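Chemist: Note that the protein sequences, when read in sequence, are chains A, B, C and D. Residues in the first sequence are numbered from 164 upward in steps of one, following the working numbering. Residues in the second sequence are numbered from 911 upward in steps of one, following the working numbering. Residues in the third sequence are numbered from 356 upward in steps of one, following the working numbering. Residues in the fourth sequence are numbered from 2 upward in steps of one, following the working numbering.
Please note that the accuracy of each hint is not assured.
[What the hints assert, rightly or not] Now the in silico label distances, taken between C-beta atoms and shown as ranges: (1) A:Val231 x C:Val512: 15 to 23 Å; (2) B:Ala1563 x A:Val231: 35 to 43 Å; (3) C:His467 x D:Gly272: 54 to 62 Å; (4) A:Val231 x C:Asn432: 41 to 49 Å; (5) C:Arg483 x D:Leu283: 47 to 55 Å; (6) B:Arg981 x C:Arg487: 33 to 41 Å; (7) C:Arg483 x B:Ile1101: 56 to 64 Å; (8) D:Arg190 x C:Arg487: 46 to 54 Å; (9) C:Ala471 x B:Ser1544: 52 to 60 Å; (10) D:Trp305 x C:Thr360: 45 to 53 Å; (11) C:Phe476 x D:Arg190: 27 to 35 Å; (12) C:His467 x B:Asp1522: 41 to 49 Å; (13) C:Ile504 x D:Gly272: 39 to 47 Å; (14) C:Ile508 x D:Arg190: 38 to 46 Å.
[To be verified] Capping the alpha-carbon separation at 16 Å, the derived lysine to aspartate or glutamate pairs in EDC-like fashion look like this: (15) C:Lys517 x A:Asp256; (16) C:Lys440 x A:Glu235; (17) B:Lys1408 x B:Glu1378; (18) B:Lys1284 x B:Glu1378; (19) B:Lys1474 x B:Glu1378; (20) D:Lys146 x D:Glu68.
[Unchecked claim] Taking beta-carbon pairs under 8 Å as the criterion, some of the chain C residues facing chain A (in silico): (21) Gly366; (22) Ala386; (23) Ala391; (24) Leu401; (25) Ala405; (26) Leu423; (27) Pro482; (28) Ala484; (29) Leu495; (30) Glu498; (31) Gly510.
Simulated from the structure, these hints should not be mistaken for laboratory data. Note that the structure is a prediction, hence the values are computed from the model and not measured. Glycine included, each C-beta is placed from N, C-alpha and C at the ideal position.
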Amino acid sequence: MVPLSYYLLLSGILFGCGVLGFLIKRNIITIFMSIELMLNGVNLSFVAFAAHWHALSGQIFVFFVMVVAAAEAAVGLAIIIAVYRTRETLNVDQVNLLKL
Amino acid sequence: MTPNPYLWLIPVLPLAGATINGAFGRRSSKKAISAIALVFCGASFAMALWIASGFSAAAAPYYFDLAHWIRAGNFQVDFSFYLDQLSLVMLLVVTGVGFLIHVYSVGYMWDADGYYRFMAYLNLFMFFMLTLVLAKNYLLMFIGWEGVGLASYLLIGFWFTKDSAAAAGKKAFIVNRIGDFGFLIALFLIIQHFGSLDFTRVFAAVHSLPPETEGTGLLTSIGLLLMVGAAGKSAQIPLYVWLPDAMEGPTPVSALIHAATMVTAGVYMVARSHMIFERAPGALTVVAVIGTLTALFAATIGIAQTDIKKVLAYSTISQLGYMFMACGVAAFSAGIFHLMTHAFFKGLLFLAAGSVIHGVGGEQDMRKMGGLRKYMPWTFGTMTIATFAIAGIPPLAGFFSKDEILWMAYASPHGSWVFWLIGVITAFITSFYMFRLWFMTFFGDYRGAAAGDAHVHGGHGSGHGHGEPHESPWVMLGPLVILAVLSFVGGWVGIHHKFDFFLSPVFHQHGVLEIKVATAAEEATIAAMEKLELTLTAVSVAAGFLGLYLAWLLYHRRRDLPEKIAASLGGLYRAVANKYYVDELYALLFVQPLVEGSTAILWKGVDQSVIDATVNNAADSARHVSDNVRHMQSGNLRSYAGWVAAGGAVVIAYMVWMGVR
Amino acid sequence: MLHLTLFLFFGAICVAGAVNLLVQRHPINSALSLVAVMASLAAEYLLLGAEFVAAVQVIVYAGAIMVLFVFTIMLLNAGEEERSKGSRVAILLGIPGVAIGGVLVAWTLLRHSNTAAVPMFALPGDPRAIARLLFHDFLLPFEVTSILILIAIMGAVVLASKPEAVARGPKRED
Amino acid sequence: MSITTFAIISIIKSIAVIFVLLTAVAYSVWLERKVSARIQNRWGPTRVGPFGLLQPLADGIKFIFKEDLTQPYVYKTLYIASPIIAVVFAITAISVIPFGNSITIGSITTPLQITDLNIGLLVVLGITSMGVYGVALAGWSSNSKYSLLGGLRASAQMISYEISLGLSLIPVLILAGSFSLRDIVNSQRHLHWNFFYIPFGTIAFFIYLISAYAETNRTPFDLPEAESELVAGYHTEYSAMKFAMFFMAEYANMVTVACLSTLLFFGGWLGPVFGPPIVQSLLPVLWFCLKVFFFMFLYVWVRWTLPRFRYDQLMAFGWKVLLPMAIANLVATALVVAWRA
């Protein structure tokens, strides 16, 4: 028996690490991975709550999050490739203009 | 009989036609456009006939709830339709005459630019008019009311490249707005006091109120305001000025909207609200006085007009005055009866006039016509029937309805001999100017332009190289003939008050108002009344014939006389010929102050220095603030993330604090 | 006891992976630690009984999305991260924000730590039950999501193809 | 059954299965060499043992004693980790594969399968989808252009074909109504093999087979290790036992694919059963092995018969032919099943 709050705490730690990664990482791809980390953290709390409330729809939400994450990964990585092609850098600090 | 569940199709079918033609007409062939317009309108007419054939007085009125619309607490307005004898008559008149005029339009408008537009507008008009007629509550009626106004505006301004047509459209729209303003306030009063706009509920509530015999009260106010609306739509004093100008529209439009159907909406509305008017004798008297004055006033203007359509326009105003006179003396069924016969013969007159205009290549000035009897025999024949009908010569339709109105004006408890006398004088004048038109147009010699000098009228008639006047095609003559038959026999339904009895469930069902003839117990009184009625009838028929004789004398026998009379009358003639300078008076009294006031106060004062200044200042300050704030938007992704994280922390802190507290 | 042990074991891997993601300077190491996080999260899901979610987590997240990341890193031959100083806001405002938020959340959670316990395999995520929910109750969101992913595919193709190729169109092949 | 016996039985089964698997891997190499030689009208290995049957053993010894070269420019950790990743995931996948009905020894009855999960098929897919990391990381960590190209090709190809592979399996799932491999096999009794569910099962099978060949980087889809252009693809820089691990991973994956083909489309261990009880429980294993053997043979046969695709052809075929076909087949199957139900 693990208290629900442990799961939530783990989920919170993962989410926090994601936010922190977004703040301190410079590589766009790593920043993108931080987003995925946040999504995973949230997914864990969904599943934990689903188990806690005995409601399967919590797990369904995880699927939707995954699908959205997949769509986001496809588009986001395509954007990253396009950015790299035009600027030849992956450092976000150097990608601060909408127009070259 | 169960109520016909397809009643709602009647208005919706023309709407479908309008939608199809409006959306796809630009790229469709004219044949397809005509087919769609005619099929949908004709289907509507067929539906009306079908419903009429299954109509039984015992089951009337029927209600049909189509859909919910407004539901706010106890107040509810639905898309629901109402069918009783009154709306049935209107339904048949509108769909029947409307369909004939659709057919006619195919011939008349075939060569016009924007043919599809015209047909779509006509169908749209049918939709709104039928909504108006079938509505079960005042708000739905108001929708139809505004909708026909819109269709009327679009069709008057159909040749919108012509300044006068565009101006006429705007004039009609604006003048109607004044009337609608009154109508709307009446509706607000009804909502405030009766909490509903539904006919049955409002009338049931009104029924329990005592008649306001002395002084004025709520019902009188409502009645007067409704009359303001009716005066706007039905071109009564003082709001009649738009109708003559509306003749800028194509002639089928004048026939359909500005003679047969839309302008009678006011009469229908007053008749529909008879419960209110019956309990407000003051309002009733005002209606009668306005109607009587309009009848006389417009008739006198009609004498001096030379434009064939203008004559008919003033004649329409005058006849509408008759209808209001009938309503004003609480003889609503007589008013509706005249509405029906008028729809036949005035529609016919306009269509025949259109045929004449078509035949002579767009000329509208009667002084340049003449002798057309030889060139266009069918038009002449039908026009003759219509003229005799409007002049009140028995046994044509106009005789019965007009005679009934005149008799009611005299005999009704709300009536008076003054109304009757003015009515007879108007009948005489009507007869005179109509026969004047008849003689000037069809008799004598053709005074028009020679071959090749075709005056092209508006948008119609490109490719109409005109020489000799010619008869119109059968697609136009067909409706003329049918309407001629109706103008001839249409009045016979009024013999022995059959029409009255048919409508009596609508107007007398509460048994408050009884005509003297119907209630009088003594045989002697009845006999005396009948004798009196015959005498009065004889007088009005004599007036009609007197007008015929005078017109014959002046415009056929002694052509030189009119000039001399006009010269000897001098100022009076000029006043009449210039429509009593009413337009100029309105311009001086209302339009000019309004324009100048708007320029000085509203535009320069309010708009520029208050509204514009406010907006500009707001924009300026926004720019100043943004100028300072924009440095936050550095373009650095991580900075944005920092802001978001800080914001998230604040939100979490707030939520935790709320939770702890 | 077994439950708690397994939870703590996989939770430790999760946290270690997440921290490693932050510490590592080469993106491919970050990516692999993220894979580890995801795989151990799948184990956590299994502990909660959500076996189907766990399988999908492995197949979709670890097996597809993260492969896409690795692929992109390899394709762009991304090197080690530069330590540029781009944003003071992120350091001065963001990190304290995260710290405050995290502490508050942790404090709140731990205050209620003993109220509700989740047993092992608490809610079996039977594929049938999930399918019933997904294709009945959540049918509309499901379809909308499929449209979303279709749009994403097309967007990705347009974005990632070479600009000239898009401008030139698919017809010519020189 | 107590937890102890359960553990003991499980351990025994695992060891047995892994042993059989590794042996099968070794002898598929032998099979490949032998068959390819026969196809090319040669003898193949003959020297070590009868028919060269001990050749795999000799190969293994050779691999162990060869110099294990680690170039100085590689990313060391990943370079070492990637062959392990590849082989571990390849072997793990076998754990949910059932190879027979069940066996009763004394009072203990146990299914012939390491573990029966009711999401067995998903587990196999998940594990094999993780195997791509081994290949991709090997290509990248070698820090060499041939390896990198091979790794890129492998990951792109495996992601692409994984979709049509998964979609081609769904008709089977629809027909069986379960993710459990045991249930899927049991739904094919009385020769109602999914392959004979014409045309949907047949189409699904061929889509599955083609996608699986691409997943396992076998000819005609062996672009990641195309020796004529990339030397040896992602394992160019590997030698000795590390190379052998990739080799083992490849053949173990082939075995997994062959097992799945058998289970999903050819009725698994189903076949004529007769004789005493012990034979009755072992005969299905024989049928299963025969079917798997057939698919292993098919692998080799195809390899030495078909030429290699070009890379753009490979991608176009996967996305423009297989994927639409798989989707259409899936929809059609679903409609038919729904209509019959």
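Chemist: Is Lys1474 (chain B) close enough to Glu1378 (chain B), meaning Cα to Cα at most 16 Å?
Modeler: 31 Å, violated
Chemist: Are Arg483 (chain C) and Leu283 (chain D) spaced within 47 to 55 Å by their CB atoms?
Modeler: 34 Å, violated
Chemist: Going by Cβ atoms only, is Ala484 (chain C) closer than 8 Å to chain A?
Modeler: This hint holds: Ala484 (chain C) lies near chain A, its Cβ roughly 6 Å from the closest one there, short of 8 Å.
Chemist: Honestly, do Trp305 (chain D) and Thr360 (chain C) meet the 45 to 53 Å range at C-beta?
Modeler: 52 Å, holds
Chemist: Given Leu401 (chain C) as an interface hint, is the shortest Cβ-Cβ distance to chain A below 8 Å?
Modeler: 10 Å, violated
Chemist: With 8 Å as the cut and Cβ atoms as the points, is Gly510 (chain C) at the interface with chain A?
Modeler: 5 Å, holds
Chemist: With respect to the beta-carbon atoms only, verify the hint that His467 (chain C) and Gly272 (chain D) lie 54 to 62 Å apart.
Modeler: For His467 (chain C) and Gly272 (chain D) the Cβ distance comes to about 59 Å; the hint holds.
Chemist: Once the shortest beta carbon distance from Gly366 (chain C) to chain A is found, is it less than 8 Å?
Modeler: 5 Å, holds
Chemist: CA of Lys440 (chain C) to CA of Glu235 (chain A), is that 16 Å or under?
Modeler: The given pair, whose Cα atoms are some 28 Å apart, is violated under the 16 Å limit.
Chemist: Identify whether the interface hint at Ala386 (chain C) stands, where standing means a beta carbon of chain A within less than 8 Å of its own.
Modeler: 6 Å, holds
Chemist: State, for the Cβ atoms of Ile508 (chain C) and Arg190 (chain D), whether the hinted interval 38 to 46 Å holds or is violated.
Modeler: 40 Å, holds
Chemist: Cβ-Cβ distance between Arg483 (chain C) and Ile1101 (chain B): within 56 to 64 Å?
Modeler: 58 Å Cβ-Cβ, so the 56 to 64 Å window holds.
Going down the numbered hints, you'll see the structure goes against 2, 4, 5, 8, 9, 12, 15, 16, 17, 19, 20, 23, 24, 27, 29, 30, while the others check out.
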